[in-house]
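Taken in order, these protein sequences are the chains called X and V.
So for the first sequence, the numbering used here puts the first residue at 1; every next one is plus one.
So for the second sequence, the numbering used here puts the first residue at 1001; every next one is plus one.
Everything labelled a hint here was simulated from the structure, so no lab data went into it.
Here a beta-carbon is modelled for each residue, glycine too, at the ideal position from N, C-alpha and C.
Watch out, some of these pointers could steer you wrong.
[What the hints assert, rightly or not] Stretch-level coverage of chain V by chain X, calculated; a stretch enters the list once three of its residues show a Cβ under 8 Å from a Cβ in chain X:
| no. | stretch |
| --- | --- |
| 1 | 1058 to 1067 |
| 2 | 1264 to 1271 |
[As the list claims (entries may be wrong)] So these bits of chain V aren't anywhere near chain X, every CB distance computed over 12 Å:
| no. | residue |
| --- | --- |
| 3 | Glu1003 |
| 4 | Glu1043 |
| 5 | Gln1098 |
| 6 | Thr1102 |
| 7 | Thr1125 |
| 8 | Glu1133 |
| 9 | Leu1147 |
| 10 | Ala1183 |
| 11 | Ile1279 |
| 12 | Trp1291 |
| 13 | Phe1303 |
| 14 | Gln1319 |
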Amino acid sequence: MGQRSAAESLLEVRDLVKHFPLPYGLVDAVLRRRPESVRAVDGVSFNLARGKTLGLVGESGCGKSTLGRCILRLYDADHGEVRLDGVDLMHLDEQQLLPYRKRMQVVFQDPYSSLNPRQSVGNTLLEVLDVHRLGTQADRRRRVAHLLTQVGLRPSDAHKHPGEFSGGQRQRIGIARALAVEPDLLIADEPLSALDVSIQAQILQLLLDLRASLGLTMIFISHDLRVVRYLSDEVAVMYLGKIVEQAPTAELFARPQHPYTLALLSAVPEVGSARRETIEIEGEPPSAVHVPVGCRFHPRCPWRVERCLHESPELKELLPGHAVACHVAEAKLSLLPVADRSG
Amino acid sequence: MSEPALVVENLRVEIPTRRGVVHAVRGVSFTVQPGETFALVGESGSGKTMTCRAILRLLHPPARITGGSVRFRGRDLVPMPEEEVERIRGRGIAMVFQDPMTALNPVLTVEQQITETLTNSRSPTEQRRRAVELLRQVGIPDPERRLGSYPHQLSGGQRQRVMLAIGLARVPALLLADEPTTALDVTIQAQILRLIVALQKDLGMALILVTHDLGIVYQLVDRVAVMYAGQVAELAATAELFARPRHPYTIGLIGSVPGLDRTRPLMPIAGTPPDLIAIDQGCPFAPRCAWASDECRAGEIPFVQVGDAHWSRCIKTDQLAGAVGG
Chain X
1 MGQRSAAESL LEVRDLVKHF PLPYGLVDAV LRRRPESVRA VDGVSFNLAR
51 GKTLGLVGES GCGKSTLGRC ILRLYDADHG EVRLDGVDLM HLDEQQLLPY
101 RKRMQVVFQD PYSSLNPRQS VGNTLLEVLD VHRLGTQADR RRRVAHLLTQ
151 VGLRPSDAHK HPGEFSGGQR QRIGIARALA VEPDLLIADE PLSALDVSIQ
201 AQILQLLLDL RASLGLTMIF ISHDLRVVRY LSDEVAVMYL GKIVEQAPTA
251 ELFARPQHPY TLALLSAVPE VGSARRETIE IEGEPPSAVH VPVGCRFHPR
301 CPWRVERCLH ESPELKELLP GHAVACHVAE AKLSLLPVAD RSG
Chain V
1001 MSEPALVVEN LRVEIPTRRG VVHAVRGVSF TVQPGETFAL VGESGSGKTM
1051 TCRAILRLLH PPARITGGSV RFRGRDLVPM PEEEVERIRG RGIAMVFQDP
1101 MTALNPVLTV EQQITETLTN SRSPTEQRRR AVELLRQVGI PDPERRLGSY
1151 PHQLSGGQRQ RVMLAIGLAR VPALLLADEP TTALDVTIQA QILRLIVALQ
1201 KDLGMALILV THDLGIVYQL VDRVAVMYAG QVAELAATAE LFARPRHPYT
1251 IGLIGSVPGL DRTRPLMPIA GTPPDLIAID QGCPFAPRCA WASDECRAGE
1301 IPFVQVGDAH WSRCIKTDQL AGAVGG
């Protein structure tokens, strides 16, 4: 949403698109089939202010992980802009990109496959520092010891291999690796999903503590609304490649507007909750290859009207600081007196 | 009170490995009433899946039952010959597994997998009709068309529904569901869980739900056994468990779940679960427990009654009253 000045936003994403073309061969050509692609990210824009955490929430296939990777330039987006401190990263070559890579780091979901099993943990961390040529050899070793302590492990753990650690400990190492270069932006892609509940809580607490002490800006990608709510300042809900609702966390959970958000919230089983307004959606998410015409959520939407079948709703600020992409929500809100619409 | 659907008493399961014997289940006891929704809650290594598999005699060798009894309709399944257990599997007791892609046979169609469990006394037409009826019952749209599908042609949610259909085909008295929705998206998860509980009530089935998700337990379950390191740490009705948790592990688990109230700090449990090979005497949770004393490390901790139908394997329960609950 355009309120923030460029100086405040660490990250600006504009109209980001990433499609993955499906294999298309001779037979397809002969049969005159149209080439198809998985429209993983289909036009996403948002700003992220320095020091804030954006929770990116959605179910499988919504494009949240792909979005994260496009921002990091682990994938090259098809078009759009990704500006870090005002500089568009999309057209930089590898050389030019290196200093920016240092400023954005990632923690992945699977602690079992994201660490090189043949390398000691210490060497994995050193490697990061070597690539970015930070300090002398002695400095780098000291930093590795410091990092391990910071994430709740011991400096002596540097000699061990990943296989000697539990899932939770490996995730701590993944976090240490991400923080090694002192990034400004940390993207955590489902960092807790592979862990047991009590370990999740430990890692969540670690992320909270580190964020506070290091002043990190974060994008926290997750399908788990409960965790996202705990960690994020602002939440963006994604469906089939687009953001359908975005608002400050408390606002989103108190006054969700989009029917998909309502359905997600209804679906989350909570300890201690009274029944909130529930909305049941049937069916399964359609594939991102055959994105429905009009509003992409309309086939499953209990609120849909004629307009939804033909016209894709724009993500618009319908309440202060609160953007929604839904014709029906917009119509509902426009009927309210102006005074009732503010926070 | 009518006869319980299942009585598990002092069940023990061991898995010999090169490193030593893993004591996966160490004296687990609980009872499930007909029509009851019962949950086994725990994290990895708690023994909940092993317990389920042991109930149905589905342990993969070299894992084996080394003690205790599992009484279904008054008969102990543990010493029963395999042919007799086979007659009960799928019929009296059915199981739905976590990952439908590996549990379903990839080379058989949906119809074949459902009718496989039906008796030969039905004609093929009748079996087909029953399969369609089951698919409809589990909410699969266009069931006649789906009969000819293979598992890889279905989505995760649909496969899970097919697993359910197979499980329910003989209208079992007891359904074991081992993390049936963990691999599914949240909105599909909600659909499947609602379906399982609705069918359960319709069919008067008892349900044992194995899960790590306390939210699911809170919303859907009648009674809970919280498992830790192969033992039942606490056993109670759901409302009672969340209102008055009486085991440090339960308290820790509830404190680990980010709650509605963002101002309540997370209280993670420090440390990790014990190695089930080198498991010592005494309480397995002691190393991570804020209330532990030497007594806790000394000998077997008894399973004591701490409230109405509420049991805990802890000798410090009177010190826990007033500790943070759900």
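Hint check results:
With 0 residues having a Cβ less than 8 Å from any Cβ of chain X, the stretch 1058 to 1067 of chain V misses the three-residue criterion, and the hint is violated. For the stretch 1264 to 1271 of chain V, the stated coverage by chain X is satisfied: 5 residues place a CB nearer than 8 Å to a CB of that chain, which reaches the threshold of 3. For glutamate 1003 of chain V, the condition that its CB be more than 12 Å from all CB atoms of chain X holds, with the nearest at approximately 31 Å. Interface exclusion of glutamate 1043 of chain V from chain X breaks down, the closest Cβ pair being 4 Å apart, not more than 12 Å.
Even its closest Cβ contact with chain X, about 14 Å, leaves glutamine 1098 of chain V beyond 12 Å, as expected for a residue assigned away from the interface. No beta-carbon of chain X is positioned within 12 Å of the beta-carbon of threonine 1102 of chain V; the least distance is around 18 Å. With a minimum CB-CB distance of about 30 Å to chain X, threonine 1125 of chain V clears the 12 Å threshold, and the non-interface call stands. No beta-carbon of chain X is positioned within 12 Å of the beta-carbon of glutamate 1133 of chain V; the least distance is around 20 Å.
The claim that leucine 1147 of chain V lies off the interface holds: its Cβ sits roughly 19 Å from the closest Cβ of chain X, which is beyond the 12 Å cut-off. Listed as outside the interface, alanine 1183 of chain V is inconsistent with that label: its C-beta sits roughly 10 Å from the nearest C-beta of chain X, within the 12 Å cut-off. Annotated as non-interface, isoleucine 1279 of chain V keeps its C-beta farther than 12 Å from every C-beta of chain X; the closest such distance is 17 Å. No beta-carbon of chain X comes within 12 Å of the beta-carbon of tryptophan 1291 of chain V; the shortest separation is about 17 Å.
Every beta carbon of chain X lies more than 12 Å from that of phenylalanine 1303 of chain V, the smallest distance being close to 22 Å; the non-interface claim holds. Glutamine 1319 of chain V, annotated as away from the interface, keeps every beta carbon of chain X farther than 12 Å; the closest lies near 21 Å.
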